[in-house]
Each structure stands twice: as structure tokens, then as C-alpha cells.
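> Residue-level listing of the chains:
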Amino acid sequence: MAVNVLMPQMGESIFEGTVTKWLKKPGDKVERDEPLFEISTDKVDAEIPAPAAGVLKEIKVPEGQTVPVQTVVAIIDGTGAAEVTPAPASAAVKEEAAAAKAKGAAAPVAAKPETKAAPAAPAAAAIPSAPAAASSDGRRIHSSPLVRRLAKENNIDLAQLSGTGAGGRISKRDILAAIAAGGARAGAAGAGAAPISGGAIAVPRERIYFGRYDVAPMSVMRQKIAEHMVASKRTSPHVYSIEEADMTGIAQLRARVKDEFEKRHETKLTFMPFFLRAAVEALRAFPVVNSSVDGTNLVMHRDINLGIAVALETGLIVPVIRGADEKNFLGLQRAVNDLAERARTKKLKPEEVLDSTFSITNPGSVGGLMGLPVINQPNVAILGIGAIQKRPVVIGDAIGIRSMVYLTLSYDHRAVDGAIAHQFMIKVKTSLEKWDEEIL
Amino acid sequence: MAQTTYLEAIRQALDEEMARDPSVVLLGEDIGVYGGAFGATQGLLARYGWERVVDTPISETAIVGAAIGMSYTGLRPVAEMQFMDFIACCFEQLANFAAKSHYRWGAPVPIVVRGPSGGGVHAGPFHSANPEMYFVHTPGLKVVCPATAYDAKGLLKSAIRDNNPVLFFEHKFLYRRVKEDLPAEDYSVPLGQAAVRRAGRDLTIVSYAAMVQASLEAAASLADDGIEAEVLDLRTLVPLDRETILASVRKTNKLLVVHEDTRTGGMAGEIAALVCSEAFDDLDGPIVRVTAPDAPVPSAPALEEGFLPNAAGIADAARRLAQA
Amino acid sequence: MQLTLTREQQLELYYFMRLNRALEERLDRLARQGKIVGGLYSSLGQEAISVGSAYALEPGDWIAPMVRNIGSLLVRGYSAREIFTQNMGRANSPTNARDNASHLGDLSVRHVVSPISMLGDLIPVMTGVAMGARFLGQKRVAMTWIGDGGSSTGAFHEGLNFAAVQRAPLVLVLENNQWAYSTPVARQVPLRDLADRARAYGVPGAIVDGNDVLAVYRAAKQAVDQARAGHGPVLIEAKTMRMRGHAQHDPAEYVPKKMMEYWKARDPIARYERALTVGKLWSAADKKQIDARIERELDEAVEFAESSPLPGAKEAGEIESGVYCEGCHEIAPEWQRAKEELLPPKSAVAARWVVNDFGAFEEHAPRDIVMQTAAPKAAAKRAPARRTAHAKVTKSSKARKARG
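Residue numbers (this note's numbering), protein chains in the order written: chain A, 1 to 440; chain B, 1001 to 1324; chain C, 2001 to 2404.
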């Protein structure tokens, strides 16, 4: 096994060394403690013995080169007794940090998570007072952290108050007086009262902690999901388009070829790749549904990367199939199965939950008739697939029993209008109902 | 029965601990026959003998070093610095030997280094200092600063019984000026617990040692203006009772810290940082410090009076904070 | 222990010195393989002092080693494993990787006080240890070492002064190895014999050949017995030579080659081997056996240390634990006298001074300042080699600087 040979630190104030001579060449046999190379430093020249027995595999630092201490200068292919190169503490810590990052990247994040569950930073509530209107003096509102917190907790707009503190500052007694006076108004806040600037509305704690209760702290994943959902709703005006598709043909096809397919390709055959393929075709036809919004720009993604929502015990995660439009049916099925499996066993890599352009979720897999999902930022739409159920439907002038599914599209009205959304959905429906591709 | 002075309370603590535990020994300059430069060890040589009350040469390094060595054999030495200013002479032994001993090789150092610190007696730059912060900054040491006779006795007992090196900064101005009735039975005051000396609701004044008395005076005068100040006595700087400070600030929403020590690097900065990070949203005003200026303690009475914080100055600052 | 040693004991002296040297050779090798954490200080050529002096102590006595006294740790029961893990910064080292070199200690069993890096501070501390032991009625001695350079510090003076005034049972072994880092002893102290300092403290001072382990042992034994009997501290100056640089990184090119050769010929281990052979105390086979045993012990110890874990995330997460002792130690002194002696009424004394010497001039022999009337060059003749040993910037280090 490979053993690293290091540039040693010959003294506390020495930080680099020069390799002056290699006493062995790659391929030579080397005994443990046998002189291997010579170095020169600021203070001392030294002969360095080999840290392990074996064969000198590779010299990484040639004669004459100066490197920092602890640099790997050569590699020995170790033989014999286990030469333990214990993982230096820094490496162990780095691994743990990387693992933590992978977990943390789980929820598709647009908003940066806060590290403390503190009330929103004062910056958010530093209200720019009246816009440049003639009467307003555009002054900054002087208060204090305490005052701002109480204002937020009680739904009070500081711009409406005048202060009796030093320099006209809104002081504690001012805000307490306002709270006492405006108590009733604060109670009606929930029914769409005056718009609140900046952050989320905070309900006073005594309205939450009452009677008997247990407190269960949110896991990190839960917190991130919460943040993302709030942010998504705040960012995109959500509108919904609902369609119904006849899956009978696909259901029959699947039933017919399922065993053969699974035997031949060693992977489960589900309904998902049918929906993915239909979505891809619709996205090709209506590219604006595959975009992102940045201020006043629509970023039209040329790649089609499908985010597939996977339910976990502890929350949800959205791994991404990159280049879904370049995959065939089998490729899509394999990708879906693999990502879902690794999502559940926590083996996803951080880059696998990034860069989606459109997302798909499947409330039907747990029996939901249909769902109205939250858009996965920074996409502008998300397709929800309901449960496939047999229903009586009108065919021509008769009633038949067909396998039907409700499809819903939540879309961001900044980028996508109703006409496009409905046409998109009709295209999806048509692709599914007229499936003619061979999948085996 | 006559009340017990702060100094007598210290002497009682030493006496009672020496009676209770034969492993308690004293070392210092002039502490034996003379009874200590301030009389803190009066009568103890006669009671406990030459082995337990050791008059040393003028060698703070040897005094504290020997105390450390004795503590390694299981004794509980109490070393006196004739003036706490002289603790600078044995900084090495405290910062590098005592403070790091348990951390490095699991060897506790149950010593107490005690002595008079502080100004107000026109003793000049080398007999009036407040050197506590060098040691607050050194992990491994504990720092105690009593403000009352009751605490001087109770905290010194806790310090002697503690397994860690404890620096016990007595305030010489309080030695004979502060007195109260003390309980007859054995009692101790735990380290790390601040005391609310006066409850209030408009602002919190945090202090320690002689400035606690000044703060209480200031609070009385503030009350005449309808301002109710809460006065906290830290009692120990390390370990610091963060919870009591934070709870008080959460209640009053305004904080003023006063200490006799100089401004830069003083305890007030440390407390201000603590409160800003833990209770920022409970602050209704800036954190105010009232301290001595950044200069050595001057000798002449008029100069020293201008140098040290006092009740009037504290009240002024508090009034401005309350009205801000 | 007698002043004369049995054959087994004499062989043991060889074992410890050879173990000391071989162990340090391994440490040197490990350093050049990048496996040592912190500075590495060699006691090459000085093994007889560490081993000979520590050997004179009884169980229960205290030592405080300096960085060049690994030999004393071995004599007093530390294993090679502990020395290796300590120097390699392993999580299971005697200091849990929080310190390096010989900065380790054991209060409860082996009575070893850990040094700190600053020199001289051990002397007041070991004075306290000696006083504490005496206070508890124990008949124990504290021993520590200091170098010629370390004897320049204030702590040396304050500590020895206090020990002397208190007549503490302390033995201080001053290793005059001629060099304090790059400073020759002539620049460090104005004396040729550091034992002369003892007179300033009113304590006996002995000079001994530091490279003769039996001489060191005998001097130490006498000093230890003397201290134990209550006659106060003793200063022993052991004359020797530092055969390596100050630490791993120091090639010591400032030391004249001739001086190195002079002392190489006086190597303590080679000398002792000859003495054992001439005295017919051992055979070549005996030596081979001891040497082989040492190699095996060291092989095992190095392997143990190399496979010991480095501190990781767990230790890093507990970085503030142990700064204070909170309920982790029960401090219980070992009383060997009746406590009643120290409590009232038995402890009561008349608190007044008894002054025997009023200190007046008439009671002392007059003394004038002794002027140097002889010409300076006559003085130089008295102590040749030492006076001309200056620290020089050597060619090779200059050349290295030029290379950049």
C-alpha cells in the first residue's frame, strides 16, 4: 500500500526545505530507515531515512526543488507489516465537513440559511421610510434592537410612530405605549392588514405556547425546507393549471412488457419515465417553462435538467437528472431509479441536487388525487402527478372505465402566462395518451 | 456585637480554614511575626506555628512557585502578595506554570494568591493598581473580587477549597471602611455567582469590588430622579455569571458597566461583547462604560480623585443612559 | 541504597544509559521522517548525568526533568512508549497531545513534575515540593536539573535562595554542558565553576565529572542523603558537553571541531563499557543481550506509538475541557505525621524573632575590594581554551544564505 514520504519539519521556525539529492530512484527497493534523500533548509542539511519498507514508486519533488514542510515528496509502495499512515486530524475533519455539506445541500436552496434561529436581522427591518414624496423627509428611523423586535412581534410600523427618546429616537416606552394602544389592531393582522415590510410575520409567542404542549426542535433539513418553501412562495406568484390524462394505453403497455423489461435491463419499470418523456417534449415546445427569472431577465435554459422530488423519512430532497432531453426511455428509467435509491440511502453527491430547470413531484405515489406543489426555485414551474386510478369517463357518447391521472402545473406568473401553461399541459396530456414509442 | 470589617473577615476566613484543614498553609512577606503589612494574618503565626505561616524572602517568583510545588504534594497554600501590584513579578509562574498545569498533564494547582489591590489611598502607581485583567485573560486561572465583608470571608473560603489556582483581589480601600454583621456559623459563597445588590427596572449597573459601593450610592441618588437602577455585583470575574447579567439586561434593557480598572482591555469590554452577542434584541440603548482612563494611577490626591470613577460620575452617566 | 552498587545495579546503569541513547536515536530518525511534533532536544553525551543522579533516589522521591533528562524519566519508571507517543503528538500520550518534548508529569505514582519551557522556574516549584513533603512528615527529596544557561535566570536565583533559607530537601543538578543554544558558557556566566554559586546561597556545592556515571551517582547519593537528613539543599555541578546542537534544527556549527573531538573521546557510555569490561562485571555476551533487549523494546514502542491515534475531531471538540479542575481530582495529601502537631493547641508558638547575629561590623572580619594588579595577559594564561571560544558565523551557513 502507498506510503507518503514527507518533507520533514526540522525545527519550529522552519517552514520549507529543498530536496538536494535523491539516494534512490523509482523502482529501487527501500528498507525502513534506510537513507532515502537529502535535504537542505535554512538552518540544517540532513539525510532523511525512509519511513517504511517497500519499493520507491514515484518521486514527486525533484532535486533542486523547494517545497513547504509536510509536502509529499515521494511515494513508497509499501510491503510487509501494516505501515499505518494515520489520517491526520485535518483530513478527518475535512471529510466530516464535506459530509455535512452534502447533507446540508439537500433542500434546493435559494435563500441562504441563517445559522441562529434569531429574529430577522435588523437590516431587513431597517425600513427606508417614505419614498421620495414631497412631504416625507426620507429620514432613517432611529430606534433600537429592542424596539425593532417589539415592533415586529406586534405588527407595528415604526414609520407611524414618533419617538420621545434622545434625538427623537423611538424608545422602549414609545413602542410599549403603541402596543398598548394598538393591541386590537395587532389581533386582526392575519386578515391581510397593512403590508409588512421585509421579513416574515411573527406571531407573539403567547399565542403559540398555550395550554399543554411538547416542543420538538426542527431538524436542519426541516428548517431548510421551511425556509425554502416560504421563500419560494414569496418569490413566485403561484398559479395552477390542472389537466387529466388517460393512462390506459401506457398502463397496458407497461403491464405487457414489465417482466421482460425488468429482466432484460435489471431495473424496475415504473410510470415515471413516461411522465418525464412527456414533460421533456412539452418543455421543448414551450421553452419559457424551462426558464428562470433574474430581475427583469428571463434566463432561458438550453439544458433540460429535471428535478425529481423524492420523499424521505425526514423530509424531502430533489435530485436532478441532467440532460433529460438527451436520454432515451431506458436512460430516464435508470436515472430515476438510481437517484431515488441513493436519495433514500443518503448517498447523493452535492452536485446531484443542483441545476434543475424544471421539477416533477409525485403526490400520487402516496395516494394523493392531485397536489398543488410549491415551485422549486429557481425553476418557474413544477409538475405534480396524482394517483393513477380507474374512473368512469366519457368516450364519444359512451361511458368507459379508464386509468386516469390528474396532472397539475404550479407555475410562476412572472414568466409563464395561463395560455402557455394550459397549452403546455395539453401537450403533456397528448404525449401520454398517444404514446407510441417502443420501450423495451 | 461589633460589626466585622472586610479585613477582619479575611483574617477570619484564613483562621477558620486553617483550623478546619491542616493542609492549609500561608506564605508571604512579613505575614508571620508582623501579621502582614495590612494585618490580614494577625495572630495566625502564634496559633498555627512556623511551619504553617511562612515568612518568605522578597521573591514573588519563589513565593508562588513554592506554593505551586506544595500544592503538588496535596497541600492548599495561600500566598500573599503584599500589594497585588507585585503580582507582575511572578507573572511567569502564574501564567505559564499554574494556569497550564491541569490542562497539560492533569495536575491541579489548588493555590490561592491573595492581596490588596485598588486605589483611593494616595499610594501611587505601584501600590494602587487593579491587575486582574491579565489573569482574567489567562485560561486556567480563577479571579475573585469581593465587595463586601460577608463575601470577602465566604469567597475566600471557597477559593481555598477550590482545586484551581484562584487569584483573590481584595480591595484595600474597603479593608476598614466596609463592615457588617457576619454569621457565627461556617458559610461560604460559591464562585461564579453574581449578586443583585439592588433591584431596579430602568437600567442595570454592573460592577465589582469598590465600585459596587459607589454604584449603590449612585443608585440612591438616581432614585431621587425617579430612575430605578438595578445594581449587580459580579463577585467573581472568572468564572463569570453570564446568566445573571443577561437576565438583568433582558429586564431593564439598558446596561452600564463600571470598574476602577483602566478602560482598554477592561472587564466592561468583555461584558459588552457578551451582552451584544447574547441579548442584542433586548437593548434599548448603547452599552456605557465608566472606568478609569488609560493611564497609570497617579499619586497626588487631587490627581487620583479625578482618575478614579466615583458615585457622582456613575450617576451622571446612568442618568444620560436612562434618558436616551 | 548503599553508596556501593551491586553488579546488577551497575549493569542497570548501563541499561538505562544505552536505552536513553538508543531511544533518542529513534526520536531523531522519526523527526527526519516528519513524525515528531514540536521541538526535539538531544541529551547525547549527557546520559550519565540524567541516569546517575536519578538512580540515587528512593521510591517516593520527586523529580522534575528538563528537556535533556529523558534518562531520568526512564530510571523513574516512564516507558519508551510514553516518550514516543508524547513526542509524536498522539491522543494517548501522557499529555493527550496537548504538549510535547519532556513536558509530562505524574503527581500520584511516579512523583514527576512536568517542566515548562521557561528555564529556572522548576527550582522554586521543586523547593515547594520539597517543603510540602517535609511538612507532611515524609522523608522525601526533590531533585531537578538546570543548565549553565538556565542558571542565569532570576527564577534560579529566587528558587535556590528560598530553598537555602528554608533548608528544603532539594538536590539541584547543574549540567554545565558548555553551551546554551549558541552561547558558550563564558558568555553566560562570569565563573569557570558554577558550583561556586553554591557559596552565595550558603549551601554545599560539588563538582563532578558528568561523563562518569558512577561519579555522578556517588555525588548524587551523598547529596540526596544529606538533604534527606535535613541539612538543606545541595548544588551539584556536573561538567559535560552537549554533543548535538541545541535542538533538532541546530547543526551547532559554532562549536569548534576540536572541542567536539575532545569530548567524543570522553563519551560516557563508551567509558562505562570499558570500566565494566576492565572490572570484569560483564562479558560481551551480556552486553549483546542488553543491547538486543533494548532494540526489541524500542521496536515495540515505536510500533505502538506509530499505530496510536492522532487527536481528531473528538479531541478538537473538547478543546476547553480540562482547563479547570472541576470535580475530576480528589486532592488528598499523604500524611506521615500526626496532624494534631499542626493544629492548636500543639501548634501554638511564641510569635517573636530570636536574633542571634546583630550584624555589626565589629563581628566580621574586614574585607577590602581585591584589585587586579597583574597584567591582563597573565590572567588569560590561567584559563586558555574557554576564553577563546567565540560564536562565529560559519562559512556554510553564510553560503546557504547566499544561495537564498
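Please keep in mind that the hints were generated in silico from the structure rather than gathered at the bench.
Cβ coordinates follow ideal geometry from the N, Cα and C atoms, glycine included.
Errors might be hidden in some of the hints.
[Claimed, not checked] Mimicking DSS-like on lysine-lysine, the simulated pairs with C-alpha atoms at most 27 Å apart in a straight line are:
| # | chain 1 | residue 1 | chain 2 | residue 2 |
| --- | --- | --- | --- | --- |
| 1 | C | 2339 | C | 2314 |
| 2 | C | 2264 | C | 2280 |
| 3 | C | 2035 | A | 57 |
| 4 | A | 258 | A | 233 |
| 5 | C | 2314 | A | 349 |
| 6 | C | 2339 | B | 1157 |
| 7 | A | 263 | A | 347 |
| 8 | A | 347 | C | 2314 |
| 9 | A | 429 | A | 390 |
| 10 | A | 427 | A | 349 |
| 11 | A | 60 | A | 25 |
| 12 | A | 349 | A | 268 |
| 13 | A | 390 | A | 347 |
| 14 | C | 2139 | A | 24 |
| 15 | A | 349 | A | 390 |
| 16 | A | 427 | A | 327 |
| 17 | A | 60 | C | 2280 |
| 18 | C | 2257 | A | 21 |
| 19 | A | 390 | A | 258 |
| 20 | A | 346 | C | 2288 |
| 21 | C | 2257 | C | 2288 |
| 22 | C | 2035 | A | 25 |
| 23 | C | 2346 | A | 21 |
| 24 | A | 57 | A | 25 |
| 25 | A | 29 | C | 2035 |
| 26 | C | 2139 | C | 2288 |
| 27 | A | 268 | A | 258 |
| 28 | A | 327 | A | 258 |
| 29 | C | 2257 | C | 2239 |
| 30 | A | 268 | A | 60 |
| 31 | A | 427 | A | 390 |
| 32 | A | 434 | A | 268 |
| 33 | A | 434 | A | 390 |
| 34 | C | 2346 | B | 1157 |
| 35 | A | 327 | A | 263 |
| 36 | A | 268 | A | 346 |
[Stated by the list, open to error] Now the stretches of chain A that chain B is said to cover, found in silico as 3 or more residues with beta-carbon under 8 Å:
| # | stretch |
| --- | --- |
| 37 | 143–157 |
| 38 | 163–174 |
> Give a verdict on every hint.
For each hint, the structure was consulted:
no.: 1; hint: C:2339 to C:2314; result: 45 Å, violated
no.: 2; hint: C:2264 to C:2280; result: 24 Å, holds
no.: 3; hint: C:2035 to A:57; result: 21 Å, holds
no.: 4; hint: A:258 to A:233; result: 40 Å, violated
no.: 5; hint: C:2314 to A:349; result: 25 Å, holds
no.: 6; hint: C:2339 to B:1157; result: 20 Å, holds
no.: 7; hint: A:263 to A:347; result: 25 Å, holds
no.: 8; hint: A:347 to C:2314; result: 24 Å, holds
no.: 9; hint: A:429 to A:390; result: 17 Å, holds
no.: 10; hint: A:427 to A:349; result: 33 Å, violated
no.: 11; hint: A:60 to A:25; result: 11 Å, holds
no.: 12; hint: A:349 to A:268; result: 23 Å, holds
no.: 13; hint: A:390 to A:347; result: 36 Å, violated
no.: 14; hint: C:2139 to A:24; result: 60 Å, violated
no.: 15; hint: A:349 to A:390; result: 39 Å, violated
no.: 16; hint: A:427 to A:327; result: 19 Å, holds
no.: 17; hint: A:60 to C:2280; result: 55 Å, violated
no.: 18; hint: C:2257 to A:21; result: 26 Å, holds
no.: 19; hint: A:390 to A:258; result: 20 Å, holds
no.: 20; hint: A:346 to C:2288; result: 60 Å, violated
no.: 21; hint: C:2257 to C:2288; result: 32 Å, violated
no.: 22; hint: C:2035 to A:25; result: 23 Å, holds
no.: 23; hint: C:2346 to A:21; result: 76 Å, violated
no.: 24; hint: A:57 to A:25; result: 9 Å, holds
no.: 25; hint: A:29 to C:2035; result: 22 Å, holds
no.: 26; hint: C:2139 to C:2288; result: 39 Å, violated
no.: 27; hint: A:268 to A:258; result: 8 Å, holds
no.: 28; hint: A:327 to A:258; result: 20 Å, holds
no.: 29; hint: C:2257 to C:2239; result: 19 Å, holds
no.: 30; hint: A:268 to A:60; result: 48 Å, violated
no.: 31; hint: A:427 to A:390; result: 22 Å, holds
no.: 32; hint: A:434 to A:268; result: 23 Å, holds
no.: 33; hint: A:434 to A:390; result: 18 Å, holds
no.: 34; hint: C:2346 to B:1157; result: 24 Å, holds
no.: 35; hint: A:327 to A:263; result: 21 Å, holds
no.: 36; hint: A:268 to A:346; result: 20 Å, holds
no.: 37; hint: 143–157; result: holds (count 6)
no.: 38; hint: 163–174; result: holds (count 5)
Of the numbered hints listed earlier, those contradicted by the structure are 1, 4, 10, 13, 14, 15, 17, 20, 21, 23, 26 and 30.
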